[in-house]
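Q: Below are the chains, spelled out letter by letter.
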Amino acid sequence: MLTRRTFIKSSLATNLAIAAQPGLALGLSQYAQEDHSLLIFSDETSAQAQQFAGQLNTPHSNIEKDVGLHFDTFNRFHKEQPTGWITGLTRDSDFFILEQMAATKGYRTVFSAIHETNNNTVTHQVSSSVDKAHLIADSLAQSLENWPSWLANNITSLAHHELATAQANSQAGSSTNNEYLVSWLLIPSTSA
Amino acid sequence: MTKPLPPGISLEQFNSAISEMEKVVGKAFVFIDDVNELRSYRDPYNTTNDADFAPSAAVAPHNVEQIQKILAIVNQYKIPVWTISTGKNFAYGGPAPRKPGYIVLDLKLMNKILEVNEKHGYAIVEPGVSYYDLYNYLQEKGIKLWIDCAAPAWGGIVGNTSDHGAGYTPYGDHLLMQCGMQVVLADGTVVETGMDTTSNSKTGGLYKYGQGAGIDGLFTQSNFGVITRMGIWLMPEPPGYTPFMITLENEQDLETVTDLTLPLRLNQVIHNAPMTVDLLWEAAMSVSRREYYTGTGPMPESHRKKMAKDLHLGIWNYYAAVYGPEPMMKNNMELIQDTFGSIPGAKFHFDDTRKGDPGWDYRVKLMKGEPNMTEFSLLNWIGGGGHINFSPISAADGKDAMKQYKMIEKRAHEYGFDYIGEFLIGWRDQHHIFMLMFNRMSEEEKKRAHDLFAILVDDAAAMGYGEYRTHLSFMDQIANTYSWNNNSLWDAHHAIKDELDPNGVLSPGKMGIWPKNLRGKA
Numbered sequence: 000m001l002t003r004r005t006f007i008k009s010s011l012a013t014n015l016a017i018a019a020q021p022g023l024a025l026g027l028s029q030y031a032q033e034d035h036s037l038l039i040f041s042d043e044t045s046a047q048a049q050q051f052a053g054q055l056n057t058p059h060s061n062i063e064k065d066v067g068l069h070f071d072t073f074n075r076f077h078k079e080q081p082t083g084w085i086t087g088l089t090r091d092s093d094f095f096i097l098e099q100m101a102a103t104k105g106y107r108t109v110f111s112a113i114h115e116t117n118n119n120t121v122t123h124q125v126s127s128s129v130d131k132a133h134l135i136a137d138s139l140a141q142s143l144e145n146w147p148s149w150l151a152n153n154i155t156s157l158a159h160h161e162l163a164t165a166q167a168n169s170q171a172g173s174s175t176n177n178e179y180l181v182s183w184l185l186i187p188s189t190s191a
Numbered sequence: 000m001t002k003p004l005p006p007g008i009s010l011e012q013f014n015s016a017i018s019e020m021e022k023v024v025g026k027a028f029v030f031i032d033d034v035n036e037l038r039s040y041r042d043p044y045n046t047t048n049d050a051d052f053a054p055s056a057a058v059a060p061h062n063v064e065q066i067q068k069i070l071a072i073v074n075q076y077k078i079p080v081w082t083i084s085t086g087k088n089f090a091y092g093g094p095a096p097r098k099p100g101y102i103v104l105d106l107k108l109m110n111k112i113l114e115v116n117e118k119h120g121y122a123i124v125e126p127g128v129s130y131y132d133l134y135n136y137l138q139e140k141g142i143k144l145w146i147d148c149a150a151p152a153w154g155g156i157v158g159n160t161s162d163h164g165a166g167y168t169p170y171g172d173h174l175l176m177q178c179g180m181q182v183v184l185a186d187g188t189v190v191e192t193g194m195d196t197t198s199n200s201k202t203g204g205l206y207k208y209g210q211g212a213g214i215d216g217l218f219t220q221s222n223f224g225v226i227t228r229m230g231i232w233l234m235p236e237p238p239g240y241t242p243f244m245i246t247l248e249n250e251q252d253l254e255t256v257t258d259l260t261l262p263l264r265l266n267q268v269i270h271n272a273p274m275t276v277d278l279l280w281e282a283a284m285s286v287s288r289r290e291y292y293t294g295t296g297p298m299p300e301s302h303r304k305k306m307a308k309d310l311h312l313g314i315w316n317y318y319a320a321v322y323g324p325e326p327m328m329k330n331n332m333e334l335i336q337d338t339f340g341s342i343p344g345a346k347f348h349f350d351d352t353r354k355g356d357p358g359w360d361y362r363v364k365l366m367k368g369e370p371n372m373t374e375f376s377l378l379n380w381i382g383g384g385g386h387i388n389f390s391p392i393s394a395a396d397g398k399d400a401m402k403q404y405k406m407i408e409k410r411a412h413e414y415g416f417d418y419i420g421e422f423l424i425g426w427r428d429q430h431h432i433f434m435l436m437f438n439r440m441s442e443e444e445k446k447r448a449h450d451l452f453a454i455l456v457d458d459a460a461a462m463g464y465g466e467y468r469t470h471l472s473f474m475d476q477i478a479n480t481y482s483w484n485n486n487s488l489w490d491a492h493h494a495i496k497d498e499l500d501p502n503g504v505l506s507p508g509k510m511g512i513w514p515k516n517l518r519g520k521a
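Each protein sequence line maps, in turn, to chains G and R.
Here numbering that gives the first Met the number 0 is used: position 34 in the first sequence is 33, and no number is missing along the way.
Here numbering that gives the first Met the number 0 is used: position 446 in the second sequence is 445, and no number is missing along the way.
This is chain G alone, in the form it adopts within the complex (with noise of 0.2 angstroms):
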C-alpha cells in the first residue's frame, strides 16, 4: 500500500489554459512516496484512469492530448528528481512514447498490465515476475470495477526486476466499453 504519500507539486500551469478542452488528454501529476518522487500521468478521457490519478489523491487537470507536450514535464522531472519513478494509466500510444524517452534516460519498464474492456468485461494481462503476474491479475480481477484503485494503491509495490516476464488475465465486470489502457511503472537503473 502506498503509505505516508506526500503531495509535491500538482497540476502544471499550462493545465488551466487548456482543462477546458475535452478530448484524448492525459492528466499529470506529481507525488512523492517515501523515497520515490513519483511523476504520474493518466488518460483524461478515461473514467478508470481518472479513478486512478483520483486515487492517488492529487488535482489533475486536462492537457493537451498530444503527449509531446509532455516531453519537458518529464524532462524537468527527471532533471530535478533523478531517482524518482515514472508511473501512468493511459492510452498504449502515450505509454509506448514515454516509455521510449524514459528509456533514453535510464528507465526501464518494471510493470506494465494491459486492460481491455470488451462487452462489460474487462481482461487484465499483466507483465510482472513469474511469481506475481497471476496475483496481480487475480487481484485486479477482484477488485471489480475499482481495479484502477486497487492499481493506484499497489503501483509502487509491483516492480519487478526480471526481465523476463508472465501474463494472466482475469474478468470482472464494466461499466465501459471498447477500452484499451495500459498501466506501468518505470524507474531508473539506479533504483534497482
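In case anyone wonders, no lab produced these hints; they're calculated from the structure.
Any given hint could be a false lead.
[Said to hold, decoys possible] Once the Cα atoms are required to be at most 25 angstroms apart in a straight line, the calculated DSS-like pairs of lysine-lysine come out as:
hint	chain 1	residue 1	chain 2	residue 2
1	R	Lys-140	G	Lys-78
2	R	Lys-22	G	Lys-104
3	R	Lys-140	R	Lys-367
4	G	Lys-78	R	Lys-111
5	G	Lys-78	R	Lys-26
6	G	Lys-104	R	Lys-111
7	G	Lys-104	R	Lys-26
[Claimed, not checked] Covered stretches of chain R (chain G as the covering partner; in silico rule of three or more C-beta atoms under 8 angstroms from a C-beta of chain G):
hint	stretch
8	25–37
9	260–273
10	365–374
11	378–384
Keep in mind the model is a prediction, meaning the values are calculated, not measured.
C-beta atoms are modelled at their ideal positions from N, C-alpha and C, and glycine is treated no differently.
Using the hints provided, position chain R relative to the given structure of chain G.
A: This is chain R only, laid out in the frame that chain G set:
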C-alpha cells in the same frame, strides 16, 4: 539470453575494444548492460525476433575527435558500428542495427545548434538535434523561421534528412533543403561538402554545390561516412497561412483528386505537399477500431461508412495549404476551390468548422512546422499497435495512384489487415505510405505482417514500383529490386563502400549496402 557479439569477434576482443572506447568517451557513455542500458536500442516494431536486431553495445561520443578515435578502434578490431542520430526512426527499425552484435554509434550527445541565420533562412545543426530542439530554440529566440518536421517530431533533423524523410510545409523535401555537411569517413578523415570547404567560408549554408562533384547524397541512406554536421534551409514565417481539408466521398475520387492536384502543385498554386489520407488513418486519430468493429480481418465496408458518417470524414481526406500575403492566398484558394469543387460530393473544411478534431489539428500544426506527436494515436487503432511502413513511390497520376492503392489494399485484406494509408504528393511523384498495423504482442500477427510486407515488395516491383525507404528486415529485398543492368547501381554502391570503408565497419547492410567481408552472407 546470450549476449550477441559483433560477427567474428571473441568476447575477449569485444571486452578489449569496449575498454578502449571507455577511455575515449568515458565509462558513462559506453553501454553494455542489456537490461538497463541497451533496451533503448531495440526495435519494438520488428516483425521477426527481437534478437535479430540486438546490439552488443552502444557508445555515445561527444565530438568529432571522439568519433575519429572510436573509428580507429573499430577498424583495428573490425567491429561494425551502426550510426544513429536520435534513433526515433520507428516503423523503419528505430535505433536498432541491421544485424545482432553491432555496436550502436549513438550521436545524441552531439546536439548543438551551431548557427541559425534568420536573414538567409538556414540552420546548421549536429546530429543529436531533434525537431523539438530546433523549434524550441527558434521560439525562445523569437526567430521568425519555421522548421519542417517529421510527423512524430521527436526525430532528428540530420537522421530524417539523411534517410530521405519528408515533411509538410513548402520545405517538405528535406534533402532538397539540405545545404552542406561535415562527414567523418571510416578512416577518420573529416570532409566538408559544398562551400564550407573553402577557406573562411561565408556561404556554406547558402549554396549547395561548390565546385566539383556534389557528394552530399552519397552519405544519405548509406554507410559511407558519419554525418556530424548539416546545414538545413528554414522557411521564413509567411505573412499568412490557410490550411484546408477536402473530404471525398468515393474511393475512386483518389484518381480525380490526384490528377487535379498535379498542375496546381507544379505551378505552385498549392505550396506544400498535399496529402490524400484514407478514412481509417484519419479516424484512428480520435477513435479505435474496436469502437466500430470487434471482428477479425479488415473492417467491413458498412462499418467504415458508419464511421465516416459519424466522424464527418471522407473515404479520402485531402489536406494542403497556401501561404503568403492575403491577396495571394485568396487568389490561390479561389483557383483551388474552383478546381476541386468539380468533384461530386467534395466538401471543403477550414479551421472554423474543423478545429478541435484531432486529425485536423495535427495536420494544421505539421503544415506550419509545429512539432507534435499526435500521429502516434494511430497505434491505438488496435490493441498493442505496432507498425512498419511500406512506402512505394507512385507517379502523381490518378490512374497510377489507384492502381497502387488497389494492389496494396487487396493484399492487405487477403492477409487480414486493414488498409491504412496516405499519399503525399511531392513534386511529380507521390510517396505512398501504407501503415501496416499489427498487434506487436501477437507472434502470429507479426509473422503475417512480415509475410504481407515481403509479398508487397515483390508485387510492387512486378508493377514497376520501388520503395523510397524501408525497415531493416526488408533492406536487402528492396535493394534487389533496384537491379537494372545486372545490379549496376548496387555494384557502384559496393565499389564506393569498398574504397571508403575497406574494413566494413560503418553500418554494414544499411539499405542493402554491404562491405565485401559480409557481402552475400546476410
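Q: Next step is simple, just say for each hint if it's right about the structure.
A: Here's how the hints hold up against the structure:
no. : hint                     : in the structure
1   : Lys-140(R) to Lys-78(G)  : 23 angstroms, holds
2   : Lys-22(R) to Lys-104(G)  : 22 angstroms, holds
3   : Lys-140(R) to Lys-367(R) : 18 angstroms, holds
4   : Lys-78(G) to Lys-111(R)  : 19 angstroms, holds
5   : Lys-78(G) to Lys-26(R)   : 21 angstroms, holds
6   : Lys-104(G) to Lys-111(R) : 18 angstroms, holds
7   : Lys-104(G) to Lys-26(R)  : 16 angstroms, holds
8   : 25–37                    : holds (count 5)
9   : 260–273                  : violated (count 0)
10  : 365–374                  : holds (count 4)
11  : 378–384                  : holds (count 5)
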